[in-house]
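If you read the protein sequences in the order shown, they are chains A and B.
Here the numbering used here is used: the first residue of the first sequence is 736, the next is one more, and so on.
Here the numbering used here is used: the first residue of the second sequence is 701, the next is one more, and so on.
To be clear, the hints were calculated from the coordinates, so they are not data collected in a lab.
Cβ coordinates follow ideal geometry from the N, Cα and C atoms, glycine included.
Be a bit skeptical, because a hint or two may be false.
Claimed, not checked - To give an idea of the interface, some chain A residues facing chain B are shown, with a C-beta separation under 10 Å as derived from the structure:
no.	residue
1	I1014
2	P1031
3	M1038
4	V1041
5	V1045
6	N1050
7	A1054
8	D1061
9	L1066
10	Q1069
11	Q1128
12	L1132
13	L1139
Unchecked claim - When the alpha-carbon atoms are kept at most 35 Å apart in a straight line, the in silico DSBU-like pairs for lysine-lysine are as follows:
no.	chain 1	residue 1	chain 2	residue 2
14	A	K993	A	K920
15	B	K1047	A	K1071
16	A	K1141	A	K993
17	B	K1047	A	K1141
18	A	K1071	A	K974
19	A	K920	A	K937
20	B	K722	A	K1141
21	A	K993	A	K753
22	A	K788	A	K1071
23	B	K722	A	K1071
24	A	K974	A	K1141
25	B	K1050	A	K1141
26	A	K1071	B	K1050
27	A	K946	A	K993
28	A	K890	A	K920
29	A	K946	A	K920
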Amino acid sequence: MSEQDTPEQVEFRQYCRKWLQSNKPGEPPVRLPLSPLEIMTGAQLTYLQAWQKSAYDAGLIGCDYPVAVGGRGRSDCQRVANEEMVGARTPFLPNVIGLGMAAPTVFYHGQTALKERLLPRLFSGEDIWCQGFSEPGAGSDLASVQTFAERKGDKWVINGHKVWTSLAHFAEWMIILLRTDRAHKYDGLSYFVVPIRAALGKGVTVRPLIKITGETGFNEVIFDNLEVDDSYRLDELGKGWQVAMTTLLHERGAGDLKTPHSGGMKSKSTHATNTANLIELARATVRNGRPAADDPLLRDRMMQLVIREVGLGQNQRRARVSALQDHPLRLLLQNKLLASEIAQDTAAVALEVVGASASLYLGDDHAPAGGQWPMAYMNSYGMTIAAGTSEVQRNILGERVLGLAKSK
Amino acid sequence: MSQPDNFGFGEEASLLKESARKFFAEHFATDKLHKMVAADHSPERMSACAWDRTLWQQMVDLGWTALAVPESVGGLGMPVVAVAGLVEEVGRAAFPCPLLATLNATYVLAACGSGGAAALAEIAEGLTASLAITNSRGSWAVADTDVQCVQGTLNGTAWFVQDARKVDRLLVSAQTDSGLALYWVATDAAGVTIVPDAIVDLTRDQAHVRFDNVSAQELTGSAPAALQQALPAIWTLLAADITGAAEWQLQTTVDYVGTRQQFDHPLGYFQAVKHPLVDVMVLIDQCKSLVYNAACAIDTEPTRAAAFAHMAKASASDTAAYASGRSVQYHGGIGFTWECFVHLYFKRQKHSQLLWGDAAWHRAQLANLLIDNAA
Chain A
736 MSEQDTPEQV EFRQYCRKWL QSNKPGEPPV RLPLSPLEIM TGAQLTYLQA
786 WQKSAYDAGL IGCDYPVAVG GRGRSDCQRV ANEEMVGART PFLPNVIGLG
836 MAAPTVFYHG QTALKERLLP RLFSGEDIWC QGFSEPGAGS DLASVQTFAE
886 RKGDKWVING HKVWTSLAHF AEWMIILLRT DRAHKYDGLS YFVVPIRAAL
936 GKGVTVRPLI KITGETGFNE VIFDNLEVDD SYRLDELGKG WQVAMTTLLH
986 ERGAGDLKTP HSGGMKSKST HATNTANLIE LARATVRNGR PAADDPLLRD
1036 RMMQLVIREV GLGQNQRRAR VSALQDHPLR LLLQNKLLAS EIAQDTAAVA
1086 LEVVGASASL YLGDDHAPAG GQWPMAYMNS YGMTIAAGTS EVQRNILGER
1136 VLGLAKSK
Chain B
701 MSQPDNFGFG EEASLLKESA RKFFAEHFAT DKLHKMVAAD HSPERMSACA
751 WDRTLWQQMV DLGWTALAVP ESVGGLGMPV VAVAGLVEEV GRAAFPCPLL
801 ATLNATYVLA ACGSGGAAAL AEIAEGLTAS LAITNSRGSW AVADTDVQCV
851 QGTLNGTAWF VQDARKVDRL LVSAQTDSGL ALYWVATDAA GVTIVPDAIV
901 DLTRDQAHVR FDNVSAQELT GSAPAALQQA LPAIWTLLAA DITGAAEWQL
951 QTTVDYVGTR QQFDHPLGYF QAVKHPLVDV MVLIDQCKSL VYNAACAIDT
1001 EPTRAAAFAH MAKASASDTA AYASGRSVQY HGGIGFTWEC FVHLYFKRQK
1051 HSQLLWGDAA WHRAQLANLL IDNAA
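The shape of chain B in the complex, shown without the other chains (with noise of 0.2 Å):
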């Protein structure tokens, strides 16, 4: 194994996840989110876009959305092992913010060469990006799209695209008459339209981003070649942030089986219920095992990052689906309303589950590594 025994998980990587730990217990308690973001109960409500701006800001004052940018444009080059401790702590708060939409952007971008320079400089200053290369079936193969671009001029709709309203740059891919191709576009460019999509989730927004007669520069380097280098890191951070919510889950509701009695005993008395939160933190460390490994493979043995995310990932959405379960069904009829805040978690982990493939499909890729192309 040529991977540092302790995941490169050093000492500059361990105080910025303790420092964002802190900030988040400090500064957003659950009941604060609650209020932000659950103020209209109504299932057909329209997608709000409730965030708390000033808080973001002091997180890119911090430097926490320069991280993942490569120091000779101006970020601090931190690798995605620390990055994926501070992401950690960002779903175990489960704070609304374009920190995971704007590294996506990222790591597509550093992958582009020097294509992506004049870009991520705009992310080391503080600007917020999130990635449009959805097509509207929801495809999570690179080069599926449905926008094009002729001459310059982007048409279409791209699909999925998260925490649109959040953010002021739109890394977008296209396909042109020489195949698929990256572009950077403002979102209140001329012929940009964000319509939002009417969620579940309440932590996040999403939407569909028109585009029509957008005119907008190619960036140089092989746009499929970066999206498939970058994945790995989309795949492992969306991980990273599942794990964080998932303890949240599990702490809050052993807190709760443990107060509440019934039949003479607290609930978590009782092995129906105690045996499979075993089995949640069992899937939860089971994943954030393969959380970092796969961060640290990116980070020092990329030619096995794609298995080693694959596998993380797939762990995390199941891990989600079963976290998320366990903790509304242990909440009992309380869990079932708007009033309990599991709810939020609920939701977010049911997004997070699908986002960027859910646990199918990434074993469907690791089996296509492991069993066909291994020789």
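Only chain A is shown next, with the shape it has when bound in the complex (with noise of 0.2 Å):
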């Protein structure tokens, strides 16, 4: 990769390099969530959110913005400080949301002063941001969300239900989609970032969702007339779907602007639910008065769960070879999907490989890799479901890169 480096990113690689060397934090005191999505104590929080502010102080988060916003002007550099910042197995950055999500629609719709009031103590970390696009009776359907903002002078009042908003219980600001026209779907939507923090128990109140693991993780988010500024509006009034896309195009990570990316720290507790491990609990396993892994179905199984994980990784290879691709989406809008269902299946198969065992969970000391794999496989419903679900990602696929008739 650093073959294809401009000059500017060869010199910023080795600055990012050497700062890491002496400033990649310890091992945390406390025990990590596997993702920021899933941060749930203020100890946890406070470590992540101090490894966010040294990194962004030294240059390595939101590089390619300009100047005034907080960044620093430089061209195509996150994707280097990502590279080294996974190299180097740092924590992950807590402000997720904030990064790939908010950052970019912020700064492609928000007003100037906004912006420069707004994305430096997003960058930092110091505000966490959360989203609220979902709502009990909008999934795959986004745009039929029904909270609404009533127009009051320069002021709007909004009140609605939000659901699935991780990290709102730690956050300051939150990005909303709202309905501001109940005559039309689409152009009756309008996009506001709102200070939720500052309105706790006056106006909005945040509650924990329970998910299917037993874990809490992500809130619902209730409005109850919380009034907020015209200023607060990205983009003009009915155009709130159009600024949904910007949002969702970085989600997707094919968007202009990259998000800031660090991780890969092990931590003592953390066991990837990936077919190397699989592999290593068949072959712990005795099935039979054998080796789970000298079973030729199970092999079998794990083979072609290999081959797709393989498969995905070459894929994003490929994806960087134009001479190798017919249309430009067409691996990149493969790869939620393809992660998700992986996942998926490959604890679907360690849960069946570990027989008897599979019903041991998280509490019983002799579950099978401390009860991960029953966890994983429930937790991939999330994944499968989130962010568009599978059946949502096929038709984006088959309309957008097969050029099929739109369905509904």
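Hey, can you piece these two chains together into the complex? The hints should help.
Here it is as structure tokens:
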């Protein structure tokens, strides 16, 4: 990858590498969650926020944004910082929704003063962000959101109910898709940023939702006559759907601004639920007096998963070789679908491998891999449902890549 | 990873692939293929061997049969990844020709060291060849052959020989007193009888070849080692052919379901049709990515070539089966007829699916490598 670097990227890569050598944080004092979306305790957040702040101060986060909004005005350098941060096995960045979704949306659609005020504290991680899109009645059909903003002079009064809101329990700010006109489905939507933490108990209620795994992690957020200023609106009235597309494009990794990304730190408590560990599990499990890894049916199924996992990695490699592609979005738009379904099927086979022991969960001393596999299996349904279900993903691929007629 | 990020698929490979695509688009549309190979629909038809020798000669003149021959013996010495790009286009056109057979023989000869040099020089000059290394049970294990050689004389039968009637030479494996050996035999040599098989696929010919007291010179070098070394390229190139053919099946079916209307909508509007076609695309892309990964490994990281090539061919066999099934199914009634072109690719893919090992066989081999051998 480095052979294609521009001179700026070469220099920046050296800088990042050197900085990371002396500034990478040490082993965390607390057990870290599997992803930023499951941060539950203040101690976890404090440790991760400190890491994001130091990486931001060093210029590794938001570096492709202009200086005026808290960036460094670099050109295609976030990719380099990401590669170096992941390569150095750093902790992940806690403000994922802010960095990946809110920042590009605010940058492309917010007024200048708003951008200059919000983005620096977003990049530094001092302000955690969350996203208010889904509602009880608006899942795959996102444009049917009903949470309503009613005009009152130069203010808006918000009433309604948002769900699956990860990080809302820590968030200062929310990006939110609101209905401002009930007569028009798509053109009746507008997009705002809302300071929710300041309004807790004064028009905003955040309540945890318990996941299928028993863990908390996301929330529901209820708006009861919350008043916000019109300056918090992004883009024009009625343009909410178009603004939301900017958010979703960046969420799917297909936007112009690369999302700052860190990670790779191995924590003692984490157990990757990939095919390498599946094979390990099969070697260590005895079925019918022999290692499960000797069972021809299980071997075949494990190899099917290895092939899919390697295939996904090679898709990502091929996506950077234009001579071996027919359509620019064809591989990119498959990523989320494949990654989530491979994770689900890998965990399902792991549960079959261990047989009766698959009944044992996190609290049981005899659970294989500490019960991580049943948890991964249940959690995988979050992946195949969230951010566009697998069914919606197949619609998008069929329509945008294959050009098939749009279905409802 | 010691492989180049772009699979080593550079400018030259890109031009070769592009020119092959244009060549077939210009000279060999599917209706021409149908006219050529589907003249006789009788299920008991004797196996034909219809192909366009004029076009084939143009391909030879373009140097395509010499691509994999090392430069030291007069070939072009192109990397496998570039050859895979060409073969993908041959598969897309389903062009009946002995290109794959000749490439397969080339990789085995190249693995023979100096023993293969004279034969490789013949290929560089434009002669074609096919492997005659499979026994009557269709075993893919390299040591399994029904041909024996005693004192320089071959006897027995080689089975499942691909494009046997199109080639000039056979690369034959035979058992000898001192183990397996390889022989380079002219198809018109005395004692060689090519008996065509009546096969499903209309775009290939296949035969079993009888050797009755055929005098043959043994190629020096270790035959099992040479075959073992060449197999990853053989699997990978067939997977590349499958990828190209599957993309034809996908695009042809997508066009059809975009046109054909039922219940006031084009068929592609319905998710019962749309989603499986997306799954065909997903399989093709997995297969294609694994093909170029395996080809690149053969070129630059040989210790991992076998595992990656098993992945490519396993994926390709599943892709061939699924794309073929969906292409006929979504053409509906017309897809079930002889006049609709989809059956040509359906049959070619069913042949490719099992040739040189089906998906289950390759996954079993892969498991041996990844589960048992990995420490």
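Going through the hints against the structure:
The closest approach between the C-beta of I1014 (chain A) and any C-beta of chain B is roughly 6 Å, which is under the 10 Å cut-off, so the hint is satisfied. At a threshold of 10 Å, the smallest CB-CB gap from P1031 (chain A) to chain B is about 7 Å, leaving the interface hint in force. Hint status for M1038 (chain A): holds, given a least beta-carbon distance of 4 Å to chain B, under 10 Å. A distance limit of 10 Å between C-beta atoms decides the matter here; for V1041 (chain A) the minimum to chain B is near 7 Å, and the interface restraint holds.
The closest approach between the C-beta of V1045 (chain A) and any C-beta of chain B is roughly 6 Å, which is under the 10 Å cut-off, so the hint is satisfied. Using the Cβ-Cβ criterion of 10 Å, the hint placing N1050 (chain A) at the interface with chain B is satisfied: the shortest such distance is roughly 5 Å. Restraint check, A1054 (chain A) versus chain B: the minimum CB separation of about 9 Å is within 10 Å; hint holds. Contact between D1061 (chain A) and chain B, as hinted, is supported at the beta carbon level, the nearest pair being about 8 Å apart and thus within 10 Å.
Because the closest C-beta pair between L1066 (chain A) and chain B is about 6 Å apart, less than 10 Å, the hint holds. Checking Q1069 (chain A) against chain B: minimum C-beta separation of about 6 Å stays under 10 Å; hint holds. Of the supplied interface hints, the one on Q1128 (chain A) holds, with its beta-carbon coming within about 8 Å of a beta-carbon of chain B, less than 10 Å. The beta carbon of L1132 (chain A) is positioned within 10 Å of a beta carbon in chain B (closest approach about 5 Å), and the interface hint is therefore held.
Because the smallest distance between the Cβ of L1139 (chain A) and any Cβ of chain B comes to about 4 Å, under 10 Å, the interface hint for this residue holds. Taken as a hint, the K993 (chain A) and K920 (chain A) pair is honoured in the structure, with Cα atoms around 31 Å apart against an allowance of 35 Å. The straight-line distance between the Cα atoms of K1047 (chain B) and K1071 (chain A) is roughly 34 Å, inside the 35 Å bound, and the hint therefore holds. For the hint linking K1141 (chain A) to K993 (chain A), the alpha-carbon distance of about 29 Å falls within 35 Å, and the restraint holds.
Our distance criterion of 35 Å between C-alpha atoms is met by K1047 (chain B) and K1141 (chain A), whose separation comes to about 32 Å. Restraint check for K1071 (chain A) and K974 (chain A): the C-alpha separation of about 27 Å stays at or below 35 Å, so the hint holds. Annotation: proposed proximity of K920 (chain A) to K937 (chain A) holds, straight-line Cα distance about 29 Å (limit 35 Å). Restraint check: the Cα-Cα separation between K722 (chain B) and K1141 (chain A) comes to about 32 Å, which is no more than 35 Å; the hinted pair holds.
Taking the CA atoms of K993 (chain A) and K753 (chain A), the gap is near 22 Å; set against the 35 Å cutoff, the hint holds. With a C-alpha separation of about 29 Å, the suggested pairing of K788 (chain A) with K1071 (chain A) holds against the 35 Å cut-off. The suggested pairing of K722 (chain B) with K1071 (chain A) holds, with an alpha-carbon distance near 34 Å, which does not exceed 35 Å. With a CA separation close to 22 Å, the supplied pair K974 (chain A) and K1141 (chain A) stays within the 35 Å bound.
Distance hint between K1050 (chain B) and K1141 (chain A) is fulfilled; the C-alpha atoms sit about 32 Å from each other, no more than 35 Å. The straight-line distance between the Cα atoms of K1071 (chain A) and K1050 (chain B) is roughly 31 Å, inside the 35 Å bound, and the hint therefore holds. A C-alpha spacing of about 30 Å is found between K946 (chain A) and K993 (chain A), which places the hinted pair at or below 35 Å, so the restraint holds. For the given pair, K890 (chain A) sits about 22 Å from K920 (chain A) by alpha-carbon distance, which is consistent with the 35 Å threshold.
For the suggested pair K946 (chain A) and K920 (chain A), the alpha carbons sit about 30 Å apart, so the restraint of at most 35 Å is met.
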